[in-house]
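**Q** Taken in sequence, the protein lines are chains P and X.
Just so you know, our numbering puts 253 at position 253 of the first sequence, and the rest follows in order with no gaps.
Just so you know, our numbering puts 305 at position 305 of the second sequence, and the rest follows in order with no gaps.
Take these hints with a grain of salt, some might be off.
As a list, the in silico SDA-like pairs of lysine to any residue whose alpha-carbon atoms are at most 20 angstroms apart [as the list claims (entries may be wrong)]: (1) Lys371(P) with Ile181(X); (2) Lys275(X) with Ser215(P); (3) Lys275(X) with Asp125(P); (4) Lys216(X) with Ser138(P); (5) Lys219(X) with Lys403(P); (6) Lys403(P) with Thr277(X); (7) Lys200(X) with Ile339(P); (8) Lys275(X) with Gln149(P); (9) Lys99(P) with Ile198(X); (10) Lys44(X) with Pro352(P); (11) Lys403(P) with Glu278(X); (12) Lys430(P) with Gln176(X); (13) Lys200(X) with Met223(P); (14) Lys403(P) with Ile119(X); (15) Lys200(X) with Asp150(P); (16) Lys232(X) with Trp124(P); (17) Lys275(X) with Ile313(X); (18) Lys219(X) with Leu135(P); (19) Lys200(X) with Pro352(P); (20) Lys44(X) with Ser215(P); (21) Lys340(P) with Ile113(X); (22) Lys216(X) with Ile107(P); (23) Lys275(X) with Lys340(P); (24) Lys232(X) with Arg122(P); (25) Lys275(X) with Asp150(P); (26) Lys340(P) with Leu254(X); (27) Lys275(X) with Ala151(P); (28) Lys232(X) with Leu135(P); (29) Lys275(X) with Asn152(P); (30) Lys216(X) with Tyr169(P); (31) Lys340(P) with Val103(X); (32) Lys318(X) with Val332(X); (33) Lys340(P) with Ile181(X); (34) Lys200(X) with Ser215(P); (35) Lys219(X) with Thr68(P); (36) Lys403(P) with Ala249(X).
Cβ pair distances, simulated, as ranges [stated by the list, open to error]: (37) Val55(X) with Ser251(P): 51 to 61 angstroms; (38) Ser410(P) with Asn222(X): 18 to 28 angstroms; (39) Ile5(P) with Gln78(X): 52 to 62 angstroms.
FYI, nobody ran anything at the bench for these hints, they're computed from the structure.
All C-beta atoms in this analysis are idealised placements derived from N, C-alpha and C, irrespective of residue type, glycine included.
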Amino acid sequence: MILLIVHIIAFYPLFTKLTGKNNFFLNATLSYLLGIFITSYMYFASFLFVHKFDPQIYIATLLCIIVTTYFKYWKLIQNPLKLMISEIKEISSWSITSKLLLTPIIIVFIFTMLSGLYWPVRDWDALTLYDFRGLVISREGSIQRLIDQDANYYFSYPLFTSIIHAITYQIDFTSPMFFYSLFFISFSIVFYTYARKYNTKEFSLILTLMFVTSSQFLDHSRMAYTNMPYALYLCLFFIFFMEWINKQQDSQLVLAFLSLCAAIWTRNSEPFWIISIPLLILMSTRKNFVKICLVVILLLIFRLPWENFQHHILTTTSYVSTTIPLQEGLKLITPAYLIKLAGYIFQYFIQPYAFIHIGFASTVIYKILTKPSKDEILHIIGISLLYMLTIAGTFYLSLTYPKWIRVGGSLERMSMLFIPTILYFVAHSKILNTRKHSK
Amino acid sequence: MKQNFFIFFQYIFQRLYLFYPFITTFFMFVILVETFTYFGSMSKFLYVNSRFAFVIIILFSFVTLYKAITDKHYKIPQNQHYLLFLSNVTMPIVFVLNYLLVVSEAENYPNYIFSTYHINLLVFRYLFMSSILIFGTLNLSMYIISARRKNFKIPLLSLSAFKISSKKNGRSLAAQMAVIILLMNLSVLFITNISDSISKLIVGTSFIIQHLHYSKEEKLRNNWGFFYDYMKFISENTPESATIAIPPAQNHWLSDGNSVLVRYFLYPRKIVNLKETESLDTLYQMPKEPYGYVLLTQGTWEDNSVPYGWPKIRLPAKEIKYFTKNDGKISVLQNHDYKPEEFENTNKWGYIKIQ
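Looking at chain P on its own, in the form it has when it is part of the complex (with noise of 0.2 angstroms):
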């Protein structure tokens, strides 16, 4: 809860500025979502330096934030609690139909609040990798003890959740379980947020619903796993994307960056970052083909300190590789390896999002049955890539991790980021051509 109230008084002028809108939930939630990451990220990158994770250091950045951003942009802020009032006004005045569309809703966040309060971190990898790393940097302000007992398990994802876990130990009252809530909570309001500019009220609302009623992301609300992070930070970057193909603004532009570089924060193992690189290539011009290369090279660098430290830490450490080389691997392909290998996609990825899959197809077909505008083709080409690495990823994994085929829960899970995507997708397109008003 604390941590939720200093994010958005440090980070709201900033998230004022950057989407340009003076709309109290939006930039809260994002001031959440993104600010979180950027004080884990300066945290962990303080430890590199002082190695140590030193909580006073964290109240520092904190301040710091503060101070910057109120200096910088105090001007843009309107009176936030007069905001969030009109806003609350406005929503009781809505049409019966879409209060009916809401309830639901609020109902799954606050059902989402009560686990995140009542439950403590309970299952298992949560326990035993993202918790118990945050409680060694809580108590002893160091990562030694990981480094000593296992580093090839302890730092094979970044500490992202867990240095999060350790704040919430050391200054927050409430469990790390509540971070899960809020997150969620925080994406669904924004995912409404821009549903709502191309979709009416009530289509707007039920996507939404669709999505919070996801047995997958209900789930994973209630989880410390990092799969529901990462997934909604990649469609972050794929909302603040076409937003930026839209208007072409520079602050969008920012915003994706800063979602793509969360999800690489949150889980860099998984390779989907890389769909970005040929989209910025495809919107390159003249003019701006200055500030797209910076952007990637600042996505390339950024990925540079997780990865060093975590190549230090297993090159000194009694590391000891469960992979085997891809020459190797290759060797195992037959036709009977391929159709297990189609069996274990169709069972893993295909099958429990075959909804999904299909509302994609569909929304497919209609936009090139009736000429897709720029930033649509990019959707589908962005989405598409998606569909590309998780498909090459497996075929990657089979054949070098041998115990592939008892990973298919992972599949499973990672494959979740479908759900938001491309529902946003849906909504994204217009294909009900139902926004009659501007607001």
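With chain P's structure known, arrange chain X on it following the hints.
**A** Showing chain X alone in chain P's frame:
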């Protein structure tokens, strides 16, 4: 009254053929979903299954064909053109696929197709028969019309579906079809999501309300059961500086031997163990790193290849402290060496303090 009802019924019956494309598309969608899930999966949400869908398709095909035969002025409705196109394109594919699947199943073993590709062959037959029926109905209707009119050419692929524009919004019928499929898809997704989440909300919220008084310990016990109590016993009876040897993570000891899991509950104690192997010999060895304590554990996972109880070798012990799972009674043995035969297949859990 009876006569009015008959006229009304006749009126409806004469126009039922207009709904043929929508009805067949919807029910084919139902059959398609159940082909890749299981028979009856759609009845949870829509109260129809693939058998019912097939029957409806038969009825409407009959109605459409009846109309084509009896009405001398029968014309193919605009919305049937896209269905004709779809049917003519997909029917050969479904036909060939059906042949391949049936032969594949026959060459391997019963249920091979379902276990390998998760395609329900029984439901796929409904898909196959429905495709044939729709194909036959539409093309026979075309043939009947061509027999009546001299210059009528039977369109094989009816590409006019892509060209004919609706007067309302300029979208081609094919584009409208894509919208219909999307909306149907979203509707099913919407209904399945809502029904899934209602049960989760009710169960989750009622548990929280009924157990508001639960402490963190009780909440973790609710999730981890006996394993949590065992770990709590160990953490309360060993110093924080202890190094504890645990079994390899194999056979019965997939939890007790999982070093990252045990490390969480016993933090900040150091945990050592051997890496798990396929061989039972690993259970008879101890870690090479020095340790002061050893878990005395039966194991919580089922496995027929080895008896419960670890360690499996004799160890010199300063103290053995254990509790019995049934009654929680705690016993302490001082200066009593550990002998595995005394503890194997019992309900005794605890630790051994090494000499």
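**Q** Next step is simple, just say for each hint if it's right about the structure.
**A** How the hints compare with the structure:
Among the hinted pairs, Lys371(P) with Ile181(X) is consistent with the structure: their alpha-carbon atoms are about 19 angstroms apart, no more than 20 angstroms. Distance restraint check for Lys275(X) and Ser215(P): the Cα-Cα separation of roughly 36 angstroms exceeds the 20 angstroms cut-off, and the hinted pair is therefore not satisfied. Of the supplied pair hints, the one linking Lys275(X) and Asp125(P) holds, its CA atoms being roughly 19 angstroms apart against a limit of 20 angstroms. For the suggested pair Lys216(X) and Ser138(P), the alpha carbons sit about 18 angstroms apart, so the restraint of at most 20 angstroms is met.
Between Lys219(X) and Lys403(P), the direct Cα distance comes to roughly 33 angstroms. Violation of the 20 angstroms bound is thereby established for this hinted pair. Restraint check: the Cα-Cα separation between Lys403(P) and Thr277(X) comes to about 14 angstroms, which is no more than 20 angstroms; the hinted pair holds. Distance hint between Lys200(X) and Ile339(P) is unfulfilled; the C-alpha atoms sit about 36 angstroms from each other, more than 20 angstroms. Only pairs whose Cα atoms come within 20 angstroms are accepted, and Lys275(X) paired with Gln149(P) is accepted, the gap being roughly 13 angstroms.
Straight-line distance between C-alpha atoms of Lys99(P) and Ile198(X) comes to about 18 angstroms, which keeps the hinted pair within the 20 angstroms bound. Using a Cα cut-off of 20 angstroms, the hinted pair Lys44(X) and Pro352(P) holds, with the two alpha carbons roughly 17 angstroms apart. Between Lys403(P) and Glu278(X) the alpha-carbon distance is near 14 angstroms, which keeps this suggested pair within the 20 angstroms criterion. Between the alpha carbons of Lys430(P) and Gln176(X) the distance comes to roughly 13 angstroms, so the proposed pair stays at or under 20 angstroms and holds.
At most 20 angstroms may separate the alpha-carbon atoms for a hinted pair to count; Lys200(X) and Met223(P) meet this at roughly 14 angstroms. For the suggested pair Lys403(P) and Ile119(X), the alpha carbons sit about 25 angstroms apart, so the restraint of at most 20 angstroms is broken. Between the alpha carbons of Lys200(X) and Asp150(P) the distance comes to roughly 36 angstroms, so the proposed pair goes past 20 angstroms and is violated. Between Lys232(X) and Trp124(P), the direct Cα distance comes to roughly 17 angstroms. Compliance with the 20 angstroms bound is thereby established for this hinted pair.
Restraint check for Lys275(X) and Ile313(X): satisfied, since their Cα atoms lie roughly 17 angstroms apart, inside the 20 angstroms limit. Note on Lys219(X) and Leu135(P): the hinted pairing holds, with a Cα-Cα distance of about 18 angstroms set against a maximum of 20 angstroms. Under the criterion of a C-alpha separation no larger than 20 angstroms, the hint pairing Lys200(X) with Pro352(P) is consistent with the structure, at around 18 angstroms. A hinted pair counts as satisfied when its Cα atoms are at most 20 angstroms apart, and Lys44(X) with Ser215(P) qualifies at roughly 16 angstroms.
A C-alpha spacing of about 12 angstroms is found between Lys340(P) and Ile113(X), which places the hinted pair at or below 20 angstroms, so the restraint holds. With a CA separation close to 25 angstroms, the supplied pair Lys216(X) and Ile107(P) exceeds the 20 angstroms bound. For a cut-off of 20 angstroms, the pair hint linking Lys275(X) to Lys340(P) is broken: about 29 angstroms separates their Cα positions. Only pairs whose Cα atoms come within 20 angstroms are accepted, and Lys232(X) paired with Arg122(P) is accepted, the gap being roughly 15 angstroms.
Distance hint between Lys275(X) and Asp150(P) is fulfilled; the C-alpha atoms sit about 12 angstroms from each other, no more than 20 angstroms. A hinted pair counts as satisfied when its Cα atoms are at most 20 angstroms apart, and Lys340(P) with Leu254(X) does not qualify at roughly 28 angstroms. This hinted pair checks out: Lys275(X) and Ala151(P) have alpha carbons roughly 15 angstroms apart, not beyond 20 angstroms. As the CA atoms of Lys232(X) and Leu135(P) are separated by approximately 17 angstroms, the hinted pair is consistent with the 20 angstroms bound.
For the hint linking Lys275(X) to Asn152(P), the alpha-carbon distance of about 14 angstroms falls within 20 angstroms, and the restraint holds. At most 20 angstroms may separate the alpha-carbon atoms for a hinted pair to count; Lys216(X) and Tyr169(P) meet this at roughly 14 angstroms. Straight-line distance between C-alpha atoms of Lys340(P) and Val103(X) comes to about 19 angstroms, which keeps the hinted pair within the 20 angstroms bound. Of the supplied pair hints, the one linking Lys318(X) and Val332(X) holds, its CA atoms being roughly 11 angstroms apart against a limit of 20 angstroms.
In summary, the hint linking Lys340(P) to Ile181(X) is not supported, as the alpha carbons are separated by about 30 angstroms, beyond the 20 angstroms threshold. About 9 angstroms separates the Cα atoms of Lys200(X) and Ser215(P), which keeps this hinted pair within 20 angstroms; it holds. Proximity of Lys219(X) to Thr68(P) is assessed by CA-CA distance (about 42 angstroms); at most 20 angstroms being required, the pair is judged violated. For the given pair, Lys403(P) sits about 16 angstroms from Ala249(X) by alpha-carbon distance, which is consistent with the 20 angstroms threshold.
Distance hint check for Val55(X) and Ser251(P): the Cβ-Cβ separation is about 58 angstroms, which falls inside the suggested range of 51 to 61 angstroms. In this structure, Ser410(P) and Asn222(X) meet the distance hint of 18 to 28 angstroms, their C-beta atoms being roughly 26 angstroms apart. Between Ile5(P) and Gln78(X) the beta carbon distance is about 60 angstroms. The supplied range of 52 to 62 angstroms therefore holds.
Checked against the numbered hints above, the structure violates hints 2, 5, 7, 14, 15, 22, 23, 26, 33 and 35; every other hint is satisfied.
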